[in-house]
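A.B. asks: Protein chains in written order, with my numbering: chain A, 165 to 494; chain B, 165 to 494.
Don't read these hints as lab results, they were simulated from the structure.
Note that CB positions come from ideal geometry on N, CA and C, so glycine has one too.
A couple of the hints might just be wrong.
[As the list claims (entries may be wrong)] Coverage of chain B stretches by chain A, computed from C-beta distances (three or more under 8 Å per stretch; other residues unrestricted):
#, region
1, 320-333
2, 449-461
[Said to hold, decoys possible] Residues of chain A placed beyond 10 Å of chain B at every Cβ, according to the derived structure:
#, residue
3, 206
4, 210
5, 211
6, 240
7, 258
8, 356
9, 363
10, 384
11, 396
12, 421
13, 455
14, 478
15, 481
Spelled out, the chains give:
Number of protein chains: 2
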Amino acid sequence: MANIQDVAQAAGVSVATVSRFFNDRSAVSLKSRKKVDEAIKQLNYEPSVLARNLRKTESRLLLVLIPKISNPFYSEIINGIQDVAINNRYNILLCETDSNPEREDIYFNLVRNKMADGIITMDPAVQVDSLIELAASHPIIQCSEYAVESGIPYVTIDHEEAAYQAVRHLIQLGHKEIALINSHEKFLYSRKRENGYKRALEKDNLPFNEEWIIRCEELEFINGQLAMRKILGGNNRPTAVFAVSDLLAIGALKELHHAELNVPNDVALVGFDKIAFSNMTYPALTTVAQPMYEMGKLSAKMLIDKIKGKEVENVTLDFELVIRESTLGR
Amino acid sequence: MANIQDVAQAAGVSVATVSRFFNDRSAVSLKSRKKVDEAIKQLNYEPSVLARNLRKTESRLLLVLIPKISNPFYSEIINGIQDVAINNRYNILLCETDSNPEREDIYFNLVRNKMADGIITMDPAVQVDSLIELAASHPIIQCSEYAVESGIPYVTIDHEEAAYQAVRHLIQLGHKEIALINSHEKFLYSRKRENGYKRALEKDNLPFNEEWIIRCEELEFINGQLAMRKILGGNNRPTAVFAVSDLLAIGALKELHHAELNVPNDVALVGFDKIAFSNMTYPALTTVAQPMYEMGKLSAKMLIDKIKGKEVENVTLDFELVIRESTLGR
DNA sequence: TCACCATTTGTAATCGATTACAAAATCTAT
DNA sequence: ATAGATTTTGTAATCGATTACAAATGGTGA
């Protein structure tokens with residue numbers, strides 16, 4: 165493979181001119197430009213990003229940390245990140261952490277040793293301390309999940325208010341016995357949404373029943389299914405269920421089908437995230453839409469700004485309650 | 165940030181010794197090892213991957229090209245790739261092409277100019293010529309989809325036989341009027357599965373009706389839904405439908421619910437891929453399981469072998485027909 | 001033609017590691 | 001103690017680009 169020296173020689177100019185050809189075309193005379201252009205074609209030359217990166221001490225790679233690649237909630241966010249990244253000549257290094265500290269370490273090292281220029285993390289605060297320490301010397305943005313008081317900029321929605329509205333929607337439909345299928349409390353959104361749920365109940369002095377709060381270890385369908393099984397196996401059956409993620413809600417729905425209960429007549433159901441699937445279930449899920457694509461775009465923009473040295477502010481975006489068949493019926 | 169010179173100086177040794185400390189620990193005396201270790205800690209030193217990459221002309225990055233990040237079919241494959249990559253100290257650059265040639269070009273360039281050491285592509289043959297040309301000088305593996313006669317190694321399953329067995333399953337259940345919801349014919353699997361479908365019908369001299377073959381432009385739920393709408397709107401209704409992907413099958417299922425038809429009694433349904441969601445639908449989908457994780461692992465192994473200069477062979481893995489409620493009932 | 005300024009070009013240092021080669025240090029056996 | 005083998009270390013070239021600085025070239029008006 166030809167290098168810049170070869171091109172310079174073939175074109176009869178200096179390496180500086182060839183370099184300028186790529187980086188500041190206008191600083192090269194038309195005559196040289198032609199010669200260089202020919203030489204490049206003739207030698208089939210491609211500049212080595214490796215060398216450029218070293219010289220400029222940048223990798224133009226953005227590290228994106230997500231807990232689970234299979235969770236469709238992240239797909240749209242990644243799309244948003246990707247679009248902004250490409251437009252700014254960045255690429256993304258997508259890494260699944262499984263919320264595993266060891267893996268996270270590997271990835272943190274990638275930015276420490278300059279293999280990546282910055283991080284967008286959607287991970288719950290597995291290692292808040294490491295993250296904060298890293299953020300002191302490297303650009304980091306938190307997307308959706310964030311460590312409070314960390315001082316690291318984030319993009320998110322008002323999870324508590326969203327949950328509040330979702331549950332209020334159920335209450336307004338006349339439901340008085342409402343269960344909560346929650347995820348792990350290590351997630352900030354989990355704690356916030358539980359608060360919203362409680363606040364919504366309290367407003368009408370509705371019964372609050374510990375038996376009706378299920379916390380799942382993982383965020384897979386099966387966990388929602390098991391949670392619902394537990395709820396149905398309890399002493400009294402709630403008339404509505406609020407699940408903190410569509411994945412869990414869809415699992416719950418499955419179990420309701422098994423139990424031959426009608427949704428929403430026997431049990432109404434609300435999910436969260438508005439993943440693509442949520443509209444394909446039977447009945448379609450009422451859910452809270454997060455502006456995922458927008459969140460992705462924004463976090464990428466913020467990260468790139470931060471890399472450039474600009475100051476960036478936290479952003480809280482709007483959500484939207486999407487009312488569909490699983491609460492309203494058809 | 166400290167560099168190797170600083171460490172060498174602080175430790176009172178040469179840069180070569182520091183370098184050896186990282187690359188061939190045993191070639192360094194215990195005494196030097198201690199000194200270097202201390203200097204590293206004291207200076208908080210991290211070797212620059214950028215510099216190492218340039219020197220070694222490698223990036224230790226694997227480019228993974230997928231058409232759509234939101235398609236859960238790819239999640240498990242990516243998991244497999246990721247696991248093998250990490251174990252071999254590689255990272256993956258996940259890129260969504262949208263089957264868009266321009267984007268593909270951007271990514272191809274990444275390997276041309278050494279930003280990535282090789283490619284695993286799951287894209288249909290958007291630009292076969294470019295791909296073949298690139299493969300002449302760079303390691304490439306095709307996963308699932310592949311360009312026939314390209315000479316580029318691939319991992320796949322026998323799509324035709326899989327489709328054949330899926331449709332035979334329907335026939336054995338007594339179905340004689342079977343529709344096909346296919347994807348775009350640019351996909352090799354689409355053409356192969358259609359062949360399998362036809363071969364299965366022919367074996368029993370079953371009617372073959374062009375009206376019952378729907379080809380979708382995209383692989384989203386909505387396309388399956390529209391396809392089913394078209395089928396139901398036709399003159400005679402089939403008693404079974406084979407969809408070439410779970411996503412399409414789930415969309416079709418949605419439409420069947422709308423039409424208040426019972427699955428499988430009015431219309432039986434078979435999907436393909438065994439994505440996680442296929443078990444959560446009501447009724448659960450009969451589908452063809454591909455060994456996605458295994459495919460991912462294998463393609464990563466093959467790619468890494470290829471990067472090392474080894475010869476690699478094409479691999480065809482086993483599939484499995486998973487019979488569930490959408491054909492059997494409950 | 002000459003002085004002056006603007007444009008274009010080239011030389012050489014630099015980014016931070018790896019590594020071939022030679023030299024120094026250490027060990028082993030007599 | 002010494003020769004010879006072995007281990008450890010250091011020097012300096014190298015990967016392939018970018019860029020500060022100086023030099024050359026070209027253009028303009030007097």
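A.B. asks: Is the nearest CB of chain B more than 10 Å from the CB of residue 363 of chain A?
C.D. replies: Given a closest Cβ separation of 31 Å, the condition holds.
A.B. asks: Cut-off 8 Å, C-beta pairs, minimum 3 residues; does the coverage of the region 320-333 of chain B by chain A stand?
C.D. replies: violated (count 0)
A.B. asks: Minimum Cβ separation between residue 455 of chain A and chain B greater than 10 Å?
C.D. replies: holds (16 Å)
A.B. asks: Minimum C-beta separation from residue 396 of chain A to chain B exceeding 10 Å: can you confirm that?
C.D. replies: At about 16 Å from chain B, residue 396 of chain A clears the 10 Å cut-off, so the statement holds.
A.B. asks: Mind verifying the non-interface call on residue 481 of chain A? Its CB should be farther than 10 Å from each CB in chain B.
C.D. replies: holds (20 Å)
A.B. asks: Is it the case that residue 258 of chain A keeps its Cβ farther than 10 Å from each residue Cβ in chain B?
C.D. replies: violated (4 Å)
A.B. asks: Please count how many residues of the region 449-461 of chain B have a CB within 8 Å of a CB from chain A and say whether that reaches 3.
C.D. replies: violated (count 0)
A.B. asks: Taking the shortest Cβ-to-Cβ distance between residue 211 of chain A and chain B, state whether it exceeds 10 Å.
C.D. replies: violated (6 Å)
A.B. asks: Verify this label for me: residue 384 of chain A is non-interface relative to chain B, using a Cβ-Cβ cutoff of 10 Å.
C.D. replies: Not fine: 7 Å to the nearest Cβ puts residue 384 of chain A too close to chain B.
A.B. asks: With 10 Å as the threshold, tell me whether residue 421 of chain A passes as away from chain B on beta-carbon distances.
C.D. replies: violated (5 Å)
A.B. asks: The output says residue 210 of chain A does not contact chain B. Does that hold with a beta carbon cutoff of 10 Å?
C.D. replies: Violated, because the least Cβ-Cβ distance between residue 210 of chain A and chain B comes to about 4 Å, which does not exceed 10 Å.
A.B. asks: In terms of Cβ atoms, is chain B entirely out of 10 Å range of residue 356 of chain A?
C.D. replies: holds (26 Å)
Violated hints, listed in ascending order, are 1, 2, 4, 5, 6, 7, 10 and 12; each of the other numbered hints is respected by the structure.
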